[in-house]
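Undergrad: So the chains spell out like this:
There are 2 protein chains.
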Amino acid sequence: MEFKVNSVELEKLLNKIIPAVPTRTPMPILENFLFDIKSGVLTIFATDLEISLKSSLPVTTEEEIAVVVPAKLLFEIVRSLKETDILFKVESNGKIHLLTDNGEYTISYLEAEEYPNVPTFPSEENKDEVVELELSGSGLKFAFDHTSFAMSKEEMRPAMMGTLLEFIEEGLRFVTTDGHRLVNLLMEGVGTDVHNQYIVPEKAVSVLSKVIDDQIVKVFLSKTHVSFILKDIELITRLIGQKYPDYKSVIPLENEYKMKVNTKELQNAIKRMMLFSTSNTRRVKFSVAENKLEISAEDLDMGTAGKENLYCEFDGEPLQIGFNAAYVNDILAHNTGEDELIFNLHSPTKAVIIRPVKQKENIDLMMLLMPVRLNN
Amino acid sequence: MEFKVNSVELEKLLNKIIPAVPTRTPMPILENFLFDIKSGVLTIFATDLEISLKSSLPVTTEEEIAVVVPAKLLFEIVRSLKETDILFKVESNGKIHLLTDNGEYTISYLEAEEYPNVPTFPSEENKDEVVELELSGSGLKFAFDHTSFAMSKEEMRPAMMGTLLEFIEEGLRFVTTDGHRLVNLLMEGVGTDVHNQYIVPEKAVSVLSKVIDDQIVKVFLSKTHVSFILKDIELITRLIGQKYPDYKSVIPLENEYKMKVNTKELQNAIKRMMLFSTSNTRRVKFSVAENKLEISAEDLDMGTAGKENLYCEFDGEPLQIGFNAAYVNDILAHNTGEDELIFNLHSPTKAVIIRPVKQKENIDLMMLLMPVRLNN
Chain A
539 MEFKVNSVEL EKLLNKIIPA VPTRTPMPIL ENFLFDIKSG VLTIFATDLE
589 ISLKSSLPVT TEEEIAVVVP AKLLFEIVRS LKETDILFKV ESNGKIHLLT
639 DNGEYTISYL EAEEYPNVPT FPSEENKDEV VELELSGSGL KFAFDHTSFA
689 MSKEEMRPAM MGTLLEFIEE GLRFVTTDGH RLVNLLMEGV GTDVHNQYIV
739 PEKAVSVLSK VIDDQIVKVF LSKTHVSFIL KDIELITRLI GQKYPDYKSV
789 IPLENEYKMK VNTKELQNAI KRMMLFSTSN TRRVKFSVAE NKLEISAEDL
839 DMGTAGKENL YCEFDGEPLQ IGFNAAYVND ILAHNTGEDE LIFNLHSPTK
889 AVIIRPVKQK ENIDLMMLLM PVRLNN
Chain B
539 MEFKVNSVEL EKLLNKIIPA VPTRTPMPIL ENFLFDIKSG VLTIFATDLE
589 ISLKSSLPVT TEEEIAVVVP AKLLFEIVRS LKETDILFKV ESNGKIHLLT
639 DNGEYTISYL EAEEYPNVPT FPSEENKDEV VELELSGSGL KFAFDHTSFA
689 MSKEEMRPAM MGTLLEFIEE GLRFVTTDGH RLVNLLMEGV GTDVHNQYIV
739 PEKAVSVLSK VIDDQIVKVF LSKTHVSFIL KDIELITRLI GQKYPDYKSV
789 IPLENEYKMK VNTKELQNAI KRMMLFSTSN TRRVKFSVAE NKLEISAEDL
839 DMGTAGKENL YCEFDGEPLQ IGFNAAYVND ILAHNTGEDE LIFNLHSPTK
889 AVIIRPVKQK ENIDLMMLLM PVRLNN
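Protein chains in written order, with my numbering: chain A, 539 to 914; chain B, 539 to 914.
Calculated directly from the structure, the hints in this document are not laboratory data. Be aware that a few hints might be false.
One copy or two, it doesn't matter: identical chains are merged, so the pair holds either way.
As the list claims (entries may be wrong) - DMTMM-like mimics (lysine to aspartate or glutamate), calculated; alpha carbons at most 20 Å apart, straight line:
#1 K627 with E836
#2 K620 with E832
#3 K802 with E621
#4 K809 with E642
#5 K620 with D877
#6 K898 with D877
#7 K809 with E836
#8 K679 with D731
Being a predicted model, the structure only gives us computed values, none of them experimental.
Bound-form chain A, shown alone (with noise of 0.2 Å):
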């Protein structure tokens, strides 16, 4: 049995789908990549058991197939060759061989009963509890840009190592969160009938955030599964069975103080101090005063200590507040895009709101962190 593709279009391919192949396991067999060829169509899958992807190109065979080869070899080889058409010859003996112009080369593979089965959208099974809905590239893409660093990493607490995904009256809310710091993103006028809540594992989101362009992107949620299909690439994935927790009820309602900062120039004092603080505890000290913000850090057993003016607008009492400064950095490095950013502070020991001072139509982006305390 024979096959031919172009090089250059395989390894677009293979790119797009090899962030599926775990790289280690205890089950050698995903390594590979299935491929199936069914009406002049080839299609090519990877999965980690959490999640899947799948992408398709049309190849000149009038023959149907599916075995599995080697995922990382078969990407290596494909990636080195010049643009080229490669001719794969399937032979009953296990063996693949490449063909090109100039080389030969051989890889093994194992037959397609042995890989586990990959889900689809919208199935025989699933159909009437699937909820279905398209959302634009760009907005998800800016959604899971601004929330996913808050997810958890903690295995203690599943649900909080995703991302939530809860759809109510107003839109479509993303939500991450570690217990010291929390990301609220509302998608203003998306909406389903169904007001249900789904966490997507941090894998998912991670992989989407790279592959998601501006194109529209369709969504089929189940209660075990959704799957996103791009315009040339589908990833499905496990949702994460848990109850998030009630992040509502930590959001504080009235933080009457407002300071307005350049996020650029926070950001750069903020890296500076990270230079000071003590590294367990990574303290910076926010004093805050009409039109001045000054910033501090001290590391005792080092014998260091920085500190720096910004000018801010400020129109609360003077007021001293304490951060993890790798967390206060972590929102700003993912806020470059917003020119200012609004502070709502009330006290030493009650979170802080941030908010960008312009948000992005029809989004309302929203920052929690909590303070740390401070010595004196």
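Using the hints provided, position chain B relative to the given structure of chain A.
TA: Coordinates of chain B only, in the frame set by chain A:
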């Protein structure tokens, strides 16, 4: 005591000196810079006791001082600042305050007495035995770039862990070898009266390769140290005090068959063959015939194999010879500036000699590669 420097100028300087600061050392004092101010000039030193780097810049002060400051922290601070003047205020309590328009940063310093002595060239002690010469920066860089990769990493044979500089009648010879391959580069017309051998350790070669530019390099050689003086930086290194092995005896004198190949084409093919060769031997087979070079590799355990045909010019009897593909790739990767290479061959068991078709002016470059046994 105070002095003032421009942050960008200081950053450039520290960036050149910091490669001599060891990252892990049992002597924490070496993780510092020595700042020495005399007559309005700040001279900065760093050393790992093998190599020392030293450079200067003018500063605004009339006083003299020598202090030891934490290298990594100071570099990170200076690098994180926008261009600004920095006022260093050295207090008697062991603290230095760095003042800018918006910020104040405090670091600790130690007394200069605690810092190891840095050798100077030429000095009263070594002026009689020191050999002095000038080399073109571009020539020296070319020599290091084409020879350094073949230095040994085996601590069992310390002499081979450096680059041999040998002054002979015809010029200055650079030799590196690890027992599997050898590079021998003659820089013609460069001379001293003394025909001596000096072995420069790997670290010095690697740091020099990064900082050498096209300007003349002044070299001072003593029996134990060598100093390279560039436009704005001086590197002093200990020499390896061992006898270099008799490299001439391994160079075959009559390899009568010549194979001419395109460097880039061969490199691309070798990289692909590395995907198929057994990972512990990396063996690749060259089957050479008139106008045709077939290279092939296989991994019996993985059931993979690859072979490719390249065009070559060859004037001998058909021949099969095996190499370690990683070593062939090293040679090709360090000769990407050469369009074509000549392989001088004799038999499957005799070392091959590789030279660029076009030698650079006043340079004679020769690379030797030992073959590996083929199975058949």
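Undergrad: Each hint should be assessed against the structure and marked as holding or not.
TA: Right, here's what the structure says about each hint:
1. Taking the shortest Cα distances, K627 and E836 sit within 20 Å of each other only across copies (18 Å), while inside one copy they are farther apart (66 Å).
2. In the homo-oligomer, the alpha carbons of K620 and E832 lie at most 20 Å apart only across protomers (18 Å), although the nearest pairing inside one protomer, at 56 Å, exceeds that limit.
3. Taking the shortest alpha-carbon separations for K802 and E621, only the inter-copy value of 16 Å comes in at or below 20 Å, while the best intra-copy value is 43 Å.
4. For the identical chains of this complex, K809 and E642 are inter-copy neighbours only, at 14 Å across copies versus 53 Å inside a copy, given an alpha-carbon limit of 20 Å.
5. Proximity of K620 and D877 under a CA criterion of 20 Å is satisfied inter-copy only: 18 Å between copies versus 44 Å inside one chain copy.
6. Taking the shortest alpha-carbon separations for K898 and D877, only the intra-copy value of 12 Å comes in at or below 20 Å, while the best inter-copy value is 54 Å.
7. In the homo-oligomer, the alpha carbons of K809 and E836 lie at most 20 Å apart inside one protomer (13 Å), although the nearest pairing across protomers, at 51 Å, exceeds that limit.
8. Taking the shortest alpha-carbon separations for K679 and D731, neither the intra-copy value of 23 Å nor the inter-copy value of 69 Å comes in at or below 20 Å.
Consistency note: the structure conflicts with earlier hint 8 alone.
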